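*Asks:* Chain residues, written in single-letter form:
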Amino acid sequence: MGRKGIETLVGLFVLLGLLAIVFLALKAANLATFRVGGTYAITAKFDNIGGLKVRAPVKSAGVTIGRVAAISLDTVSYQGTVTMELEQGVAFPTDTSAKILTSGLLGDQYIGLVPGGSEQNLKPGDQIKMTQSAVVLENLISQFLYNKAAEPGGEQK
Amino acid sequence: MKNDNLVQIDRVTFGYDQRVILSDITMTFPRGKVIAIMGGSGCGKTTLLRLIGGTLTPQRGVVSFDGSPVNPRDRESLYALRRRVGMLFQFGALFTDLTVFDNVAFPLREHTTLPEPMIRDLVLMKLNAVGLRGAAQLKPADLSGGMARRVALARAIALDPELIMYDEPFAGLDPISLGVAANLIRRLNDATGATSLVVSHDVRECFLISDYVYVISSGRIVGHGTPAEVQASDDPEVRQFIDGEPDGPVKFHYPAGEYGADLGLRS
Amino acid sequence: MWALGLLRGLGHSAFFLVDLLRSLPWALRRLFLTIAQIHSIGNYSLVIIAASGLAVGFVLALQGYYTLSRYGAAESLGLLVALSLVRELGPVVTGLLFAGRAGTSLTAEIGLMKAGEQLAAMEMMAVDPKERVLAPRFLAGIIAMPLLAALFSAVGILGGYVVGVLMIGIDPGAFWSQMQNGVDVWDDVGNGIVKSVVFGIACTFVALYQGYEAQATPEGVAQATTRTVVISSLAVLGLDFVLTALMFSAPR
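So the protein sequences, as listed, match chains A, B and C. Numbering follows our numbering, in which position 108 of the first sequence is assigned residue number 108; successive positions increment by one, without gaps. Numbering follows our numbering, in which position 180 of the second sequence is assigned residue number 180; successive positions increment by one, without gaps. Numbering follows our numbering, in which position 213 of the third sequence is assigned residue number 213; successive positions increment by one, without gaps.
Please note: incorrect hints may appear among the correct ones.
Unchecked claim - DSS-like cross-link-like pairs, simulated, lysine-lysine; straight-line CA separation at most 30 Å:
| no. | chain 1 | residue 1 | chain 2 | residue 2 |
| --- | --- | --- | --- | --- |
| 1 | B | K139 | A | K4 |
| 2 | A | K129 | A | K53 |
| 3 | A | K123 | A | K99 |
| 4 | A | K4 | C | K130 |
| 5 | A | K59 | A | K99 |
| 6 | C | K130 | B | K139 |
| 7 | A | K59 | A | K45 |
| 8 | A | K99 | A | K148 |
| 9 | A | K59 | A | K27 |
Honestly, the hints are just simulated from the structure, not real lab data. Here the structure is a predicted model, which means the values were calculated and not measured.
When you get a sec, could you build the whole thing from the sequences and use the hints?
*Replies:* Structure follows, in structure tokens:
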């Protein structure tokens, strides 16, 4: 087999391999959801961020419009500060509220934004004032038990 | 200021662990001559070639090429030395994945920046010198043993080396190939002015083409001189080797116990 | 004393690896040699890699479906197939197949070249066989492995699609969307590629070393090829454990 023949076949092989990698990246993974375009940062403070992780999605009406960029503890107010990157071109009113929700019953947690009615929009670097913390299962259970015990005709002590 | 001797071996001792292969050997190889190194199997002939080529380092003594010592640790100078030396391995050692042409062209392509047309001409000239110009496109697998060795010879002389070393060039060849090989060695040596070292145990051919002969046995030189001088030697080891006596200083029997005892006979 | 010999062998092979890495730039210089080696290592492995990938994809889908449907999670089949392949099966199975197919052929080739004194002849012609013979093969192995592993995973996912969607009847939309939501490019696909590069280095190194150090007899070459397969396979499995622990156990 001539030199040119070998080089062509190897080129074909490398091409196939790269195509496979691209296929895996696009069709099989979430590369396609990376937006080409700018993002702007918004912060929010939560009493309890629960199981929220960096790179979790930020959704509004169920549509992903951003990602969690960073999570840190505010040492003054002892609240969790979450920094989100939202897509450029998707603006939210200044009285938007942020909740930490769970996808499915036991799935990963994400931030849901519910827009308010203000006529002014959040600018890059602004903070969302109204937040609702994550539901922590232990608190829920103890609250349920507490309620049950407080009912008339509850458990005899 | 050219040294008369291309290669000089000064009181060289070499061995592996307990086994001593060469002890206190001194040899000189003058330029332009064909020198034969002869001896029985395992006497250290091939080791000598490896010492000269820098593959092995002597425990004691100095091996010099063109006045400067051969230092295997210095890769630069070692490779520079090897570019002036051509070696013919016992079975050719051709590169089996390349054609005959590419095999001979290999040293030219690796060590020179000559353009391809020039390399082509040189390769064909070398192949012509060994009589195999028509076999240029064959692969080593298609060649007979004798032909393979001739191609290897063409490859060894591709860079017109000053020293050509032959490791058992006559082993296993039919009478015609033997004649061809001996003829080539002598003619090439005279035509190019190179120095040839022939390691062999083929007495007849070596005596025909050599200017000087060394006979080695058990790591020592037991005889040296022109072929005529060695032929007339009365050293028993030399005589046994040249005459092909089955028994002599080199014993026929491998060391063993009493024959009778082995057979269970009571003496 | 047997342990001493083992240690010495380990040290010897470490020096060999360093020499190999140092002669890599030469492989780039003699580009055509490397390309020819990619051809013999990569192209000739395509059939077995593609066939194995397809088979593994089929089986993953079948087995996965039976397990997932018990928990009513059959729609996550695409995710299961993709993650299993991209993170583990792609790099590891390709590594094992590579060790068997390309590794043994490299070892045998180098061993026979050594037996035929070709390497010694090259040395005597002032050409370093490590640069001209070994380095191109080393580079070719490192390049070919991740490509083969990606092909294995891609073909496997397609195989899973064929069985899951076309044969079993899972909704294609769910198949792909669950997969796309759950498989991360950098953490999953990227780490899988890193794994296959590491396996490529290990398997090619072992194959070349065994060939270079083989005894120049038929038995010697046979033993060397056996050692190549055994050591490469163990290395792939061992490295897989270490890499998986490093990459995937830390919570994101």
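*Asks:* If you draw a straight line from the CA of K139(B) to the CA of K4(A), is it 30 Å or shorter?
*Replies:* 20 Å, holds
*Asks:* Under the criterion that the straight-line Cα-Cα distance not exceed 30 Å, is the pair K59(A), K27(A) satisfied?
*Replies:* This hinted pair holds, its Cα atoms lying about 22 Å apart.
*Asks:* For the pair we were handed, K59(A) and K45(A), check the Cα-Cα distance against 30 Å.
*Replies:* Holds, because 17 Å separates the two Cα atoms, which is no more than 30 Å.
*Asks:* Verify the proposed pairing of K123(A) with K99(A), using a straight-line Cα cut of 30 Å.
*Replies:* Given that 30 Å is the threshold and the Cα spacing comes to 19 Å, the pair holds.
*Asks:* Below or equal to 30 Å on CA atoms is what counts here, so check K4(A) against K130(C).
*Replies:* 26 Å, holds
*Asks:* Next pair to validate is K130(C) with K139(B); report whether the Cα-Cα distance is within 30 Å.
*Replies:* With a Cα-Cα distance of about 24 Å, the restraint between K130(C) and K139(B) holds, given a limit of 30 Å.
*Asks:* Is it true that the CA of K129(A) sits at most 30 Å from the CA of K53(A)?
*Replies:* 21 Å, holds
*Asks:* Within 30 Å, alpha carbon to alpha carbon, are K99(A) and K148(A)?
*Replies:* 27 Å, holds
*Asks:* Check the hint pairing K59(A) with K99(A) against an upper bound of 30 Å on the C-alpha distance.
*Replies:* 10 Å, holds
Violated hints for the displayed structure: none, as all numbered hints are satisfied.
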